[in-house]
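J.: Sequence:
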Amino acid sequence: MVKVVERNSIKIGKEPVVILTLKKWEEIEETIEDLEDAARFNIAFEESRGKNSISLEKIKKKYKLK
Numbered sequence: 001m002v003k004v005v006e007r008n009s010i011k012i013g014k015e016p017v018v019i020l021t022l023k024k025w026e027e028i029e030e031t032i033e034d035l036e037d038a039a040r041f042n043i044a045f046e047e048s049r050g051k052n053s054i055s056l057e058k059i060k061k062k063y064k065l066k
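Counting with my numbering, you get residues 1 to 66 for the letters of the sequence shown.
Everything labelled a hint here was simulated from the structure, so no lab data went into it.
Misleading hints may appear alongside valid ones.
[As the list claims (entries may be wrong)] Straight-line alpha carbon distances no greater than 27 Å define the calculated DSSO-like cross-link-like pairs of lysine-lysine that follow: (1) K61 / K51; (2) K23 / K11; (3) K11 / K24; (4) K51 / K62; (5) K51 / K64; (6) K24 / K14.
None of the values given here were measured: they were computed from a predicted structure.
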């Protein structure tokens, strides 16, 4: 449930602002990064569907790894 409190709002110019603790902001930032990573993964996964995959053995031979 969202509760909006208008009486104690702070404005910079015409825009109201929100003050968060650093810990809470870091949690939000981490969640956003996780969502961006998930979106990139989903795009890459959809693009790779139906394409032939390469085995680790072929990669080892191609790049001359041990």
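J.: The structure should be examined with respect to each hint, and the outcome stated for every one.
T.: Verification of the hints:
For the suggested pair K61 and K51, the alpha carbons sit about 21 Å apart, so the restraint of at most 27 Å is met. For the hint linking K23 to K11, the alpha-carbon distance of about 23 Å falls within 27 Å, and the restraint holds. This hinted pair checks out: K11 and K24 have alpha carbons roughly 21 Å apart, not beyond 27 Å. With a CA separation close to 19 Å, the supplied pair K51 and K62 stays within the 27 Å bound.
Distance hint between K51 and K64 is fulfilled; the C-alpha atoms sit about 24 Å from each other, no more than 27 Å. Restraint check for K24 and K14: the C-alpha separation of about 25 Å stays at or below 27 Å, so the hint holds.
Checked against the numbered hints listed earlier, the structure breaks none of them; every hint is satisfied.
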